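Visitor: These are the residues of each chain, in order.
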Amino acid sequence: MKARINLIWPPILIGALFLLAWQALVVIQDLKPYLLPAPSLIFTTFTSNLSLMVETGIYTATTAALGLVFGTLVGILLAMVAQRFFVFRNLMIPIAAGIAAVPIVALTPILNNMFDITSRTPRVLITAIVVFFPIFVNVYRGLTAVPPVQLELLRSLSATPRTVLRVLRIPNALPFFFTGLKVAAPLAVIAALVAEYFGGPQEGLGSKIAASAANTAYGRAWAYVVVAIIVGLAFYLITLALERVATPWAGRTRSA
Amino acid sequence: MSEFAVHAEGVWKVFNEGAANEVTALSDVSLDVRKGEFVSLIGPSGCGKSTLLRVIADLTSASRGTVEVAGMTPQKAREDHQYGIAFQQAALLDWRTVRRNVELPLELAGWDKAKRQARALELLDMVQLHDFAESRPWELSGGMQQRVAIARSLATDPEILLMDEPFGALDEMTRERMQNELLRIAGATGTSVIFVTHSIPEAVYLSNRVVVMSPRPGRITHVVDVPLGDRNEDTRESDAFFEAVTAVREALRGRAKPVGEGGARLAETS
Amino acid sequence: MKTGPRGRLAASVGVLAAAGMVLAACGGGSSSSESSSAAPEPASSSAAPASSEAAPTEEACTELMPVNLQLQWFVQAQFGGYYAAKDKGFYEEQCLDVTILEGGVDIVPQTQLAQGAADYAIAWVPKALASREQGAGIVDVAQVFQRSGTLQVSWADSGISTPADLKGKKVGNWGFGNEYELFAGLTQAGLKPGKDVELVQQQFDMQALLNREIDAAQAMTYNEYAQVLEAVNPDTGELYQPEDFTVINWNDVGTAMYQDAIWASEERLADPAYQEMTQAFVTASLKGWIYCRDNAQECADIITANGSKLGASHQLWMMNEVNKLVWPSPLGVGVIDPALWAQSVTVALNTLNADEVTIITADPGEAAYTNQYAEAANAALTAEGLDTTGDGFAPISVELKEGGA
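Residue numbers (my numbering), protein chains in the order written: chain A, 1 to 256; chain B, 1 to 270; chain C, 1 to 405.
Read the hints as simulated data drawn from the structure, not as lab findings.
Computed from a prediction, not measured in an experiment: that's the story for all the values here.
Please note that the accuracy of each hint is not assured.
Taking beta-carbon pairs under 7 Å as the criterion, some of the chain B residues facing chain A (in silico) [said to hold, decoys possible]:
| hint | residue |
| --- | --- |
| 1 | A57 |
| 2 | E79 |
| 3 | I85 |
| 4 | Q89 |
| 5 | A91 |
| 6 | D94 |
| 7 | W95 |
| 8 | P105 |
| 9 | W138 |
Ideal Cβ positions, reconstructed from N, Cα and C, are used throughout, including at glycine.
Let the hints inform the model, and build the full structure from the sequences given.
Guide: The following block contains the structure:
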């Protein structure tokens, strides 16, 4: 227990000091809100609009979650195909890398025009595309980076490729998958948020942050940013918890 | 010829045949292993001992020659689970308990759950790891993991055990303990064992015969009989043991009279 | 792979950084509080006294004063007067060397002004008042657009002709602070913008309306409205006609607010040199607007020459429609009507935005605007023989081509 407390208090202390310094800066320099709002202003805005903050956060979180699930499923599926079929792998990897390079900023308006802008669809698609690459790359690695001795063992036991996949590759890939998911989950929140910037229903964090900033209501904008941070953290922590449950062996010294 | 556990005749294995980096890992290798016999393969790196083991295991195929394992082709033997195999790494699956690791061959052979579990516990008993059945591999020491690997290799009660330097990563004391374990188990089950090793005392202690191999090209040069009878704690300090060790060492150094072209027939003994 | 609180800190910093990037992208301004030192030095001896005199016309001008003007959007006929003033030498006449800075999605002109990155900014009154309330020291020195150009456009068959008809509909708007008149109209009709209508943020095109994904779209008379009239009706093979649509005009509804105005820095207006510069700038700019009233096609061409990618017919349409917003100016071009100002303030005080917060919370008071410079400019321009009220102004007729070509 003491060890855990020793892990927790330094970041909290640093966070608190940072906020104090920020507050002091605003007060001492008499900075106007339109330049830099004080943490105290952000806090009061946040608490006096709590239900709105929560609602908005949930909206974006839902988009992010849908995109995360969709992108993850596609990533896993294609990674399995790429592992199994040589030809497909040489095709998939460059395409996946190409997709990863297209920025959200360019793709979102295009998807907004292709699909119903009043629906969640374009944003979920963008999120899924962003999520796809880390999942695909990591699951692919996990499926293929099996120790050769284990593959030989399975061969000696006369295992079919399907059996090898089920018994060996997939469990081996789980820690890799979670590595990818830990990257993808906060990324999904960011992607959903940024996609909201470009049009569509205005109930989400991205829209509200942009609207508040355009109205020079930066205290409000930062309050929404705090919500975004909380949502991103929540996604990350849930992923961590899932990882701990699903792969208790990960991180231990590998068996000989 | 099915009185032999393994019958290999005129086996060649050439890698990258015809190319600039062509390597003859096995050249005209012949070897017969009787049922219940313990045979070691020993030699310097590149002599083909591991390759020969893998040809027998159908993990790689011979370029030329005949191989029969338990009276059938290596492929059929592999598909019928006629042999068990253990490597230098224990290769236990981290996400399975010790017991479920031992159950692996049985799962793949289609055994039902209750039978698998019972057999696994039986095997763990045999290697004296019954208490660790529900532990995870990383909780075990190297020697214990190897014992689990051996238990696993015996899961389907195979006629033949193939082992590729399984004790190579262990310290000397553990090694000697494991050698005793292995002899005990193999003796109890009547399993034929083909054992690849770098260690002369280990080969002598364990085997009925020690097959000495030599590289470039990989071939059998000598077969040394080891008439030591039942092993006990005094064996390692006996004169007969020392003589056998010397014989093997001389063979390795190329000073003993080599066996003729065509490898080691059962009829020829040194 | 233990990640513990350190991993969480890293994650939170990461999300903070990313969110901060989004926010910075929205905000556009830097967070330094120093103003740029664009303080003007009068070239030679300052023969003209500080404020309310006529701008010097015969003064020997050896060194032009550099001036930065921050526009609210990209170069287009909406800002015709300023480009005309530059192109026709009116700024030079006033001894000014004006650099026109284009705006964009993320640029908040009044923030640029308040931070000193620009000497003057074009901004809509409600957005500027919101900034002012947040501490940006800015003053409206010339109200160029005398009426609002915002429309809410629907299909004629949708049955939407008043704000009350928007209840339960998918209502498009651009966000970014452009939506207040719509929100005011909704509020006036007894609707809550965040709850009683489905708000959808449009992209800066009319696709969502044309695809019937939304029921009503926000449009400026001079820009997006033309876009629908430049689109081909698949049923007829011809361009859409005005009869195909209904529009809600906020001037008629009574919730219109003042739009494009020239804003100056409040702090610097205490400085006589800046006052002089402001007077010169306002006079020349208004002269440019007079020019564009009388020479719409030429102004449209000047805009195109300055880099606007809009098609020729669209540009001319825009110039013409903008002229309709500027002229007639009953009190004189650029002069603020206190009654209309009061209306803008009232709407801003009482309009709930999507978060159910009003644009401003307090009356900005008299200090937020001044007619001093506009009236002086009017006097000077009238003395030159120019018509500063445009009483007889008649818009031209513009034929749009497909795509605005």
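Visitor: Taking the hints in turn, state whether each one holds.
Guide: Results for each hint:
1. Given hint, A57(B) at the interface with chain A, holds; its Cβ is 6 Å from that chain's nearest Cβ, closer than 7 Å.
2. Proximity of E79(B) to chain A holds as hinted, the smallest CB-CB distance being about 5 Å (cut-off 7 Å).
3. Restraint check, I85(B) versus chain A: the minimum CB separation of about 5 Å is within 7 Å; hint holds.
4. Annotation: Q89(B) was flagged as interfacial toward chain A, and the flag holds, the nearest CB pair being 5 Å apart, inside 7 Å.
5. The closest approach between the C-beta of A91(B) and any C-beta of chain A is roughly 5 Å, which is under the 7 Å cut-off, so the hint is satisfied.
6. For D94(B), the shortest C-beta to C-beta distance to chain A is roughly 4 Å, which falls under 7 Å, so the interface hint holds.
7. Contact between W95(B) and chain A, as hinted, is supported at the beta carbon level, the nearest pair being about 5 Å apart and thus within 7 Å.
8. The beta carbon of P105(B) comes within 5 Å of a beta carbon in chain A, closer than 7 Å, and the hint placing it at the interface holds.
9. Interface restraint check for W138(B): the shortest CB-CB distance to chain A comes to about 4 Å, inside 7 Å, so the restraint holds.
Every hint from the earlier list agrees with this structure, and none is contradicted.
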